[in-house]
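Each chain is listed here by its residues.
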Amino acid sequence: MVGASLAGLSAARSLRKQGYDGRLVVIGDELHRPYDRPPLSKEFLAGTLGEEDLTLEADGEDLSAEWLLGVRATGLDHTARAVRLADGREVHADGFVIATGAAARTFPGSEGLAGVHTLRTLDDARALRDELVRGGRLVVIGGGFIGAEVASTAYALGLEVTVIEAAPTPLAGPLGETMGAVVSALHADHGVRLLCGVGVKGLSGERQVDAVLLEDGRSIPADIVVVGVGARPCVEWLEGSGVVLDNGVKCGADGRTSLAGVVAVGDCASWYDPRAGHHRRVEHWTGARERPEAAIATLLAGGAVEPGVPRPPYFWSDQYGVKIQFAGHATGADSVTIEDGAADDRNVLAVYRRAGNPVAVLGMNQPRLFMRWRKQLAATS
Amino acid sequence: MIPACPLADLPRGEAFRLETDPPVSVFHTEDGELFALDDTCTHQDASLADGWVEDCWVECPLHASKFNLKTGEVDAPPAKLPVRTHQVVVEDGMIYVKLSTAAPNLPHCVARKLAGAGT
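Residue numbers (the working numbering), protein chains in the order written: chain C, 64 to 444; chain E, 183 to 301.
Please note that the accuracy of each hint is not assured.
FRET-style restraints, in silico, Cβ to Cβ [unchecked claim]:
1. C:G151 <-> E:E196: 58 to 64 Å
2. E:T253 <-> C:D408: 58 to 64 Å
3. C:T137 <-> E:T253: 54 to 60 Å
4. E:A190 <-> C:E115: 46 to 52 Å
5. E:E196 <-> C:G199: 46 to 52 Å
6. E:H290 <-> C:D279: 41 to 47 Å
7. E:P193 <-> C:T137: 56 to 62 Å
8. C:R168 <-> E:M183: 56 to 62 Å
To be clear, the hints were calculated from the coordinates, so they are not data collected in a lab.
Cβ atoms here follow ideal geometry from the backbone N, Cα and C, with glycine treated the same way.
With the rest of the complex left out, here is chain E (with noise of 0.2 Å):
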């Protein structure tokens, strides 16, 4: 398990991103809920903690994709593969995530750099 931060210090309807490779973000719905996806959108190289937090649903911040926060599904194009999920935890005050052991899908362009080719 990772740690994420401290509970209080993640207000509702606040994201956390964590710089795991691939980097992961922590959502605090408006209803109290937490949520751990990969952060980068599958699409475009886009941070969704900086997307737009409705109900169950993270819209992507450039396209407008909406990742569905508890299955990581996404809604409509142009993103077309979910994010992957992660568990997470709260223990003693502080949030940990547990990280999925599937494959991330990332965009081509994000899927390059890791790999080392560059873009």
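So that you can see chain C by itself, here it is in the shape it has in the complex (with noise of 0.2 Å):
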């Protein structure tokens, strides 16, 4: 098992859980045992969880397995069947589960440059937390989901916020043009800045920045700035394995590989979508969390199990108290409806359809409503 988080952790409890009873290597880059990320954003960061809170191991778990943890896997030779280590050690096994996951991206020439953070890892939320609470003037790069969740936390506790977007509206890819405004306004509901539509050019500062430099001209000043540009999947170490790459590990719909017996789970993975016809790179907590069981079924049975199709991806979002989730792709959908709720109540049931047929919904404080158009959405699509 390469890689110790969520899909790694789901990984190992699957192969237990459907029998496997041999050894067990889980290999993993960052020194801490398996935690959940989603609360780095939001109550970890806002100090209402501790680090104890985040373990996704139960207690008394005992998976059997050996943890090799704060070591970078740097090959996998398939020939003599064994992952190499960043410290020289080779670890052997039949079978092989990649889960390296995904790294958020950094902004070009910001090395060195104190005040300046990315939001991926429990130390890069510890880092972070650490300066927000002596507040200050906060500026997000990115009005994704990892920035908006950042900006809401931060204005939680007192900062002065902005957020800068390249795009015209934040979080059009995942939620399309109409309902990305929507759920982007609920930055200047607080008072947050919204830039839109404007490019990062640099930043400023000598040793601790003090600046972020817009492409029109104008300098935003910062004494925190946080990037979130989204990550890029950690598979460089499977150059040349034979493993075929192609943005992620590309995987057949049940996790298979190019290679036999080696599966790929979570942000790292691009499954084949049988819905869609083509191959995507999930990167929710919930994929990394169910799709493990078919992977090691697949691996275990060496890929002789017919895959299902899985659930539609479904992810959540809290920004500003308001509790914000999605199920489906917006991508491809031809219309937009609110089905119950107001817009500018921030209180929202839409449904995406394509040809008459749902395929994504949203909701914004509507968990009721949002699972009976999720389950039907899982029924129909």
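Put the two chains together into one complex; each comes in its own frame, and the hints tell you how they fit.
What follows is the structure, encoded as structure tokens:
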């Protein structure tokens, strides 16, 4: 098992649940046992959850695994059936699960500049939290979910927050233009400044960042900068291994890769989506939690099982006290209808359709209706 | 025993939420069985009555932890603690709930609210 976060842990659990009782080695490049990432931009950053609340293993849970933590995998040798580690060791195995996740994209030229953060790991969150509690002016580069959640948390902590988004509308990719505008209006509702349609030219500051420079010539003063511009799959270590890569590890509809005895799960894996007819890399918590079950069944059966159709992808976000939930795919929808609530009240159930058929659903503070639509989506699509 | 609702008003696959403190929900499964559980997920403030019921499990509407309707046990994080289960009695077509005397496993935020501390 290469990767010790949610996808790796879920795969380890599935292995034991499905009857594998042999040796299991879990390799992780972070020193921590598996922990939950969603709270890192929310309750953990706000200080209402502690590190002990983030553990993903249950009390007394024993997967009888050997944990090799704090060491990075540097290569997969399929012929020798071994994973090479950065410290020179090799781990031999009969089957491999790739769950190396994704890494936050950084802003070029920001290396070594104090006050500039990305947010992906527990260590990232600790460092950012330590700065946020001191207050000041926060500039968030990127109006996506991570950026919006950090802005929301920092606003609640009393910071002066500005969000900069290069696209005309934040969240237009995952939510579409119309609902992206509705959700990102939460910033203005709370007095958080949102600047759209303008790129970032650079950061200013000697050792400590003091401003974000925009392409239109403006300079936004900043004590803290968070770069939330997406993530890239951590698959460089597989180059030359024979595992086919294409925006992550290219997988079948059950996580099988181009090599026998190797499956991939979580943020690094681009599974074939039978509904869409093409591959998609889905960076959602629920995918990392649910999909390893199918991948492990495939691994243990030597690829002899027929893959089922996974549930439509689902994710949530909490911003400014509003519970945002989304299931399905907004891309390809030709209409969005508000079925309940009102956009102005930030209380909405919106259904995305293609040729009249529901393909996605968005809820803002509508958990009950959202679940009904999500079930319907799973049944019909 | 607390009266919930007439059995005829709770179709299979549906749940009825009692506004007790903390709230309790009665689930009527597709197989026709009735179960009562604490309504609040043990991870965060979410109503399990809004969840996804399949076989003998209800999945939290927010973060996908599943709770066993018979035993209250949780399958996997983010929730780590079971929910309390309560006894269900049907008399003369009326559903009643006999509340458990065990301590509930409420999430941090809700436990604080009940204690009057606010959030």
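For each hint, the structure was consulted:
{"no.": "1", "hint": "C:G151 <-> E:E196: 58 to 64 Å", "verdict": "59 Å, holds"}
{"no.": "2", "hint": "E:T253 <-> C:D408: 58 to 64 Å", "verdict": "39 Å, violated"}
{"no.": "3", "hint": "C:T137 <-> E:T253: 54 to 60 Å", "verdict": "45 Å, violated"}
{"no.": "4", "hint": "E:A190 <-> C:E115: 46 to 52 Å", "verdict": "47 Å, holds"}
{"no.": "5", "hint": "E:E196 <-> C:G199: 46 to 52 Å", "verdict": "50 Å, holds"}
{"no.": "6", "hint": "E:H290 <-> C:D279: 41 to 47 Å", "verdict": "44 Å, holds"}
{"no.": "7", "hint": "E:P193 <-> C:T137: 56 to 62 Å", "verdict": "57 Å, holds"}
{"no.": "8", "hint": "C:R168 <-> E:M183: 56 to 62 Å", "verdict": "58 Å, holds"}
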